[in-house]
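K.L.:
Using the hints, position chain B against chain A.
Residue numbers (this note's numbering), protein chains in the order written: chain A, 1 to 307; chain B, 1001 to 1423.
Everything labelled a hint here was simulated from the structure, so no lab data went into it. Check before you lean on any hint, since a few could be wrong.
What the hints assert, rightly or not - The calculated label-pair distances, taken between Cβ atoms and stated as ranges, are:
#: 1; chain 1: A; residue 1: Gly40; chain 2: B; residue 2: Lys1241; range: 46 to 56 Å
#: 2; chain 1: A; residue 1: Glu82; chain 2: B; residue 2: Lys1241; range: 21 to 31 Å
#: 3; chain 1: B; residue 1: Gln1323; chain 2: A; residue 2: Gly40; range: 26 to 36 Å
#: 4; chain 1: B; residue 1: Val1294; chain 2: A; residue 2: Gly40; range: 49 to 59 Å
#: 5; chain 1: A; residue 1: Ser134; chain 2: B; residue 2: Ala1025; range: 27 to 37 Å
#: 6; chain 1: A; residue 1: Gly40; chain 2: B; residue 2: Ala1291; range: 48 to 58 Å
#: 7; chain 1: A; residue 1: Ser134; chain 2: B; residue 2: Ile1381; range: 43 to 53 Å
#: 8; chain 1: B; residue 1: Ala1025; chain 2: A; residue 2: Glu82; range: 21 to 31 Å
#: 9; chain 1: A; residue 1: Asp121; chain 2: B; residue 2: Gln1323; range: 35 to 45 Å
#: 10; chain 1: A; residue 1: Arg64; chain 2: B; residue 2: Lys1241; range: 50 to 60 Å
#: 11; chain 1: B; residue 1: Leu1326; chain 2: A; residue 2: Ser134; range: 30 to 40 Å
#: 12; chain 1: B; residue 1: Val1391; chain 2: A; residue 2: Lys71; range: 43 to 53 Å
From a predicted model like this one, the values you see are computed outputs, not experimental measurements. We put the beta carbon where it would ideally sit given N, CA and C, even for glycine.
One letter stands for each residue in the lines below.
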Amino acid sequence: MESALVAKNLTKRFDKTTAVDNVSFNIPEGSVFGLIGRNGAGKTTTIRMLMNIFFPDEGEIRFRGNLVDQKFRDNVGYLPEERGLYKKMKLLDTIMFFAELKGKTGPVIKAKAMEYLERFDLADRKNSKLEDLSKGNQQKIQFICTIIHDPEFIILDEPFSGLDPINTNILKEIILDLKQQGKVIIFSTHLMDFAEKMCDHIAIIHQGKLVENSNLAQLKKKYGQRNVNVIYEGDISFLNDHPMIEKIEDYGRATGIRLKSADDTQTLLKLLIDNNIIIKKFDANDISLHDIFVDLTGDITEEVTHD
Amino acid sequence: MTNPFSKRTFAIIKRELKSQIMTKAFIFSTILVPVLLFGLIGLQAFIITYDEGKRINIEIVAENTALVSLLQKEIQSKSELIDENTNIKVSSQDTAQFKTYIKDQNSNMLNNDLNGIFFIPNTNIQEKEVEYYSANPKNSNLTGKAKDLINKILIEHYFFGKAFSSKDIDYAQDGVSLTTFKVSESNDAEKDSLGAYIVAGLFAFLLYMSLLLIGTNLLRNVVEEKENRVVEVLLSSVSAKELMTAKIIGTSGAGLLQIIIWMIPFVLVSATSLLMLPEKLNISISIGQVAYFVLNYAVGLVTFLGLYAAVGAIFDNMSEAQQGALPIMIIIMIPFYICFSLGNDPTNIIAQYASMVPFASIIVMPVRMAIVEIPTIELIIAMLVNIATLVFVFSFVGKIYRIGILKTGKNPSLKELYRWVKS
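Looking at chain A on its own, in the form it has when it is part of the complex (with noise of 0.2 Å):
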């Protein structure tokens, strides 16, 4: 698949951190590419690279080809991670500037801008202030502002952070119909299981290194040959410390399973089944987006402080 963007050797240092170290990945076009680590990884440094705001001490980074630079800039649509907008603006006025901002005025977008108001269910609020808005909503106003002047190239950090669930899929959607319409997009995140769903293509960044690159189906082939995952009824604890094991996950109703070697998934389905295990799902060689990403870069307490 072709690349859309190249980012190569990718090195930035502050001081005596070096923040990101030799990082380099290829976004293909038309894919969501999820860009994942913990706090502190180097994540938002790299973004920050993507975006002109930081220039890398090292390595370069290419779009279709050019090296990033203004022109690109005006094709960016970034949301990040901490949400910011002016409190004392109304809603259409805050959409109207982050257009502007990007070169993009007049009355096709100040459409556009309450069609969006529209499908979030804020266009009686166009008037209102940012700060009367509930957090909520003004995360939508926010997302709206990112893609307001029709980018190609798409920057969402924790996108779907104090949404509810019904938010969650309207925003779901709009970026699907992105991806469809051919754009690309970046999506960072802690949350494993949207990463999952969503993500065609996968970075992992641990302490400034990219230590994963690829497609997700080959990541889990990759990571999945010793894994099993199995959803059950009944008591599994005679699993722990069972010699076969090397790592087992329990949740009292789903368990990962690491077995020390591939040959001993089906010794481990007769021992379950031996044992009364009621067996709702079996499935062999599947490892979780949340499992790779612990793996490789420590543990489970740590990474899920983030919010």
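P.N.:
For chain B alone, kept in the frame of chain A given last:
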């Protein structure tokens, strides 16, 4: 590489201008300050002129009929010694008659129908001793109106028939009149007036207030953008340099608008007789003075806004930022206080130097200029110093802003700031 005057920066300039101007504080201060200041000047002028407008009735009674005819002649000739708002009645009575007369007039005087009665008895005429009766005898405003007149006719009467011409007598009677002139380089010396000091005071106050208000507004906006992370989104569209430039241009626009509105009443009062100020309050401002004032303000404002923007970028919240902006406030306040020294001695050496020292010049020079004639060379030096200060300030604030605006958490030390500037 980046063009600081692009369409994108224009959007920021517009927003900044709007967010500065469309606040109640801005609208109130812009309209209310001149109304208030000129209200005060007007009030002062009114108090000075109030007495002059009131009609005053006084009576001069002389025992000697010759004095009466002299007085009548003087009144008929509309002598300059007689105020046009003063009615003077003249009569002749002897001492006994006058004693009953004064009793009759008692009530008239108490209800101010008659403001005062002068009695010139024959007995002490050589000593020029005159009696004065009034409900309010200490009011020098009243006695002053008649004293010179009485003195004149007494002298005339005394010298009458002696070998002096009336011209000699006139000369002897004339007091010394002082007309004060302000010395300046231009040949046509102008009359000095209290007005110049009022203008100077107002200039100092307006500059001081505007720099602090507008500066603090920018500081608040920069901190707000950093605090609520709007800056991250802005920087995905424009560079830090464009952002800072646009913010400073927008904010300066608001400041200039304000100061120009504040200047309009000065120019109007100076060029027209709108306020009918008494001569000693006369306000005269030349176009050159206004032009220098506005230009000087523009350069100064941009300089200070650069500093405020940098301080705003360093801090995450307004209360810390305000503490951080304290040094800027001090360099605005010190020259403001130096201006007070001009009230005592407009030519004092501290003010003269301060008017050409970086930062201080911005406030002290226009204030000095309102009171004394400044040699052109000093004006040129001051303007060059101000422009050099501006260039110097912008050689580092841009870097501090660019790095600071994306940094959160611990405030940087001075050493770190120095490293940012050097980077």
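K.L.:
Any hints from earlier that this structure breaks? Give me their numbers in increasing order, please.
P.N.:
1, 7, 10 and 12
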